[in-house]
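Based on these hints, arrange chain X on the given structure of chain B.
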Amino acid sequence: MVLGTCVAALAQTPTYNRGRTPSAEEVRAWDIAIGPDGKELPPGSGTAKEGAKIYARECAHCHGPTGAAVPSGAANLWPHTYSGQGRSPTPLVGGRGTLDTDRPMRTIGSFYPVATTIWDYINRAKPPKEPGSLSADQVYALTAFLLYQNNIIQESDVMDAKSLPKVQMPNRGYGGK
Amino acid sequence: MNSKQSDRRRFLKEGAALAGLAVGAVRAARGQTTGIETLGLRPDDYRAYGMRSRFVTSVRTVGSRTGLLTPLQDSVGIITPSALHFENTRGYPPPDIDPRQHRLLIHGLVDRPLIFTLEELQCLPSVTRIYFIECGGNSGGRTMTKNAETAQQIHGKTSCSEWTGALLSLLLQEAGVQKGASWLVAEGADLGKRTESFQMEKAMDDVLVAYGQNGEPLRPQQGYPLRLLFPGWSGSFCVKWLRRIKVVDQPYLAKWEIGRFKPDSEGRIPFPTGQAPKSVITRPSGGQRLPGPGFYEISGLAWSGGGAIRRVEVSTDGGRTWKDAQLQEPVFRFAHARFRYAWNWNGEETVLQSRCTDERGQVQPTLAELGGISALDVAEGRFIDYWQKSNDESGSNYIQPWKVTREGSVRNALF
Numbered sequence: 003m004v005l006g007t008c009v010a011a012l013a014q015t016p017t018y019n020r021g022r023t024p025s026a027e028e029v030r031a032w033d034i035a036i037g038p039d040g041k042e043l044p045p046g047s048g049t050a051k052e053g054a055k056i057y058a059r060e061c062a063h064c065h066g067p068t069g070a071a072v073p074s075g076a077a078n079l080w081p082h083t084y085s086g087q088g089r090s091p092t093p094l095v096g097g098r099g100t101l102d103t104d105r106p107m108r109t110i111g112s113f114y115p116v117a118t119t120i121w122d123y124i125n126r127a128k129p130p131k132e133p134g135s136l137s138a139d140q141v142y143a144l145t146a147f148l149l150y151q152n153n154i155i156q157e158s159d160v161m162d163a164k165s166l167p168k169v170q171m172p173n174r175g176y177g178g179k
Numbered sequence: 505m506n507s508k509q510s511d512r513r514r515f516l517k518e519g520a521a522l523a524g525l526a527v528g529a530v531r532a533a534r535g536q537t538t539g540i541e542t543l544g545l546r547p548d549d550y551r552a553y554g555m556r557s558r559f560v561t562s563v564r565t566v567g568s569r570t571g572l573l574t575p576l577q578d579s580v581g582i583i584t585p586s587a588l589h590f591e592n593t594r595g596y597p598p599p600d601i602d603p604r605q606h607r608l609l610i611h612g613l614v615d616r617p618l619i620f621t622l623e624e625l626q627c628l629p630s631v632t633r634i635y636f637i638e639c640g641g642n643s644g645g646r647t648m649t650k651n652a653e654t655a656q657q658i659h660g661k662t663s664c665s666e667w668t669g670a671l672l673s674l675l676l677q678e679a680g681v682q683k684g685a686s687w688l689v690a691e692g693a694d695l696g697k698r699t700e701s702f703q704m705e706k707a708m709d710d711v712l713v714a715y716g717q718n719g720e721p722l723r724p725q726q727g728y729p730l731r732l733l734f735p736g737w738s739g740s741f742c743v744k745w746l747r748r749i750k751v752v753d754q755p756y757l758a759k760w761e762i763g764r765f766k767p768d769s770e771g772r773i774p775f776p777t778g779q780a781p782k783s784v785i786t787r788p789s790g791g792q793r794l795p796g797p798g799f800y801e802i803s804g805l806a807w808s809g810g811g812a813i814r815r816v817e818v819s820t821d822g823g824r825t826w827k828d829a830q831l832q833e834p835v836f837r838f839a840h841a842r843f844r845y846a847w848n849w850n851g852e853e854t855v856l857q858s859r860c861t862d863e864r865g866q867v868q869p870t871l872a873e874l875g876g877i878s879a880l881d882v883a884e885g886r887f888i889d890y891w892q893k894s895n896d897e898s899g900s901n902y903i904q905p906w907k908v909t910r911e912g913s914v915r916n917a918l919f
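First to last, the sequence lines map onto chains B and X. One rule links them: number in the numbering used here = place in the first sequence (from 1) + 2. One rule links them: number in the numbering used here = place in the second sequence (from 1) + 504.
These are computed hints drawn from the structure, not numbers from a lab. Quick caveat, the model's predicted, so the values are computed rather than measured. Among the clues, some could well be false.
With a straight-line cut-off of 25 Å between C-alpha atoms, the simulated SDA-like cross-links for lysine to any residue are [stated by the list, open to error]:
| hint | chain 1 | residue 1 | chain 2 | residue 2 |
| --- | --- | --- | --- | --- |
| 1 | X | Lys759 | B | Gly46 |
| 2 | B | Lys41 | X | Arg772 |
| 3 | X | Lys683 | B | Thr15 |
| 4 | X | Lys759 | B | Asp104 |
| 5 | X | Lys706 | B | Val72 |
| 6 | B | Lys41 | X | Gly696 |
| 7 | B | Lys128 | B | Arg20 |
| 8 | X | Lys759 | B | Leu79 |
| 9 | X | Lys759 | B | Tyr18 |
| 10 | X | Lys759 | B | Thr15 |
Only chain B is shown next, with the shape it has when bound in the complex (with noise of 0.2 Å):
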């Protein structure tokens, strides 16, 4: 072997050889973070009117009917109080052209610049008493609610691993703050 290639291949080889390979069921099992491109996504869909059933029945409660206001008492809901007071829910929906303002409303349609962080948050961390409950094709659909809710799409389109991440928000390239 030319020595030029031993050099090469010299700084690509582990050096403490710990750890092992990880199967490719461990790795999809994890891999739940979604870029912006939505690679990560998983095959499933929805629709808002599929959304807004699951959003009253596991939402509502602490982010109001429509996402826009937030019920007073919210924080007392929030179920992880261990560390303080409850965290009281922003709104969701609304707020638009209010970011350079003194009281700017950072919600899902005034300020998140890609629709994927809205599938990304909703399939980690809700509900907060049990992340993780809801499936592919729920995640879908309360996504494709918020962005209905928001004027971003229609009630019937459907939101799915090749649509969500062309979604057009008008955040999109970070106009306001």
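Showing chain X alone in chain B's frame:
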């Protein structure tokens, strides 16, 4: 031996084996007795694991939102006791992780995806470093309660520990980072599965995958058994209960990091410049009382995301004159530095302040110098609103004034 005793013995043995797993990779040989068994002490016996005097009552308190604040006003030296380290959560409680079940996965744009047990990580070359962690929202409305008076209530989301672990750069070299890899996504094993994106440049520089804090395993509230340390950067990067690092080619824009990665006018995503230089006099400080005129040592803490603290000045006359305080040596980069200043109080009302300068030459500003910010803005957290920041540099590093009244009461003179 009755069954109760034998149960206890088994419990102790299992506990000791677990402790061995947690502290070091090399386990005690089977059947070997440890000191704790010889003495017959339970792990929760104060003789086995020491406690402070019942007369020492300094504790963390609850801040304006979820979070526990370090009692800085009671601190001496530069190390925060692990039990008093501030804590921020996103509302989810610390998970109860069995270290034998915990894994760290490194994958994505790497030649060799790797999965490590804690034991395997502890076989690797380790480093020990003293670093502060400061919440990006410290000293503002996200920390302070209304009418905040004490150093704890205003600045209690900073703490400093000795951390031990493996450099992330070493793990990445083992996995073999591929061309085009420029970002990483780190994820925790908590219920909310906290994630953070960060640049490869930082990962290859000084990010630490820590399993040790102040001479023992991390506390559960600090990420047991594994967490990230980002020297100088906002504490929010320091993912706790770390279970996964994915090597990627762009920031992943998790919910809480959207505003942080706003591109500049040329489309470049800013590289965090670290926490701005800050200092605070911890003694005497708000809520304390001077019994009468005479000699006092003014003492406090200074730190900066820019590296080492080079200078701390103290004013005992409301900012008219400033004199150099003495810095406790050695001064560590990205760590709390302790400063001390000899002072004779004449019994008159006055205002005490400290200001620091870091190795970049950045000087801590007054609230007025921060520009366009009122004390009310500070109290209500407006100017440091997390989402408004285009990068991670804290804008809340104003000089903290403490007023000493003729009666010897020390008060927050910020507002």
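How the hints compare with the structure:
1. X:Lys759 to B:Gly46: Within the cut-off at roughly 22 Å; holds.
2. B:Lys41 to X:Arg772: Holds. Lysine 41 of chain B to arginine 772 of chain X sits at ~22 Å (cutoff 25 Å).
3. X:Lys683 to B:Thr15: 16 Å, holds
4. X:Lys759 to B:Asp104: 22 Å, holds
5. X:Lys706 to B:Val72: 38 Å, violated
6. B:Lys41 to X:Gly696: It holds: about 21 Å lies between the C-alpha atoms, which stays within 25 Å.
7. B:Lys128 to B:Arg20: 35 Å, violated
8. X:Lys759 to B:Leu79: 21 Å, holds
9. X:Lys759 to B:Tyr18: 36 Å, violated
10. X:Lys759 to B:Thr15: 37 Å, violated
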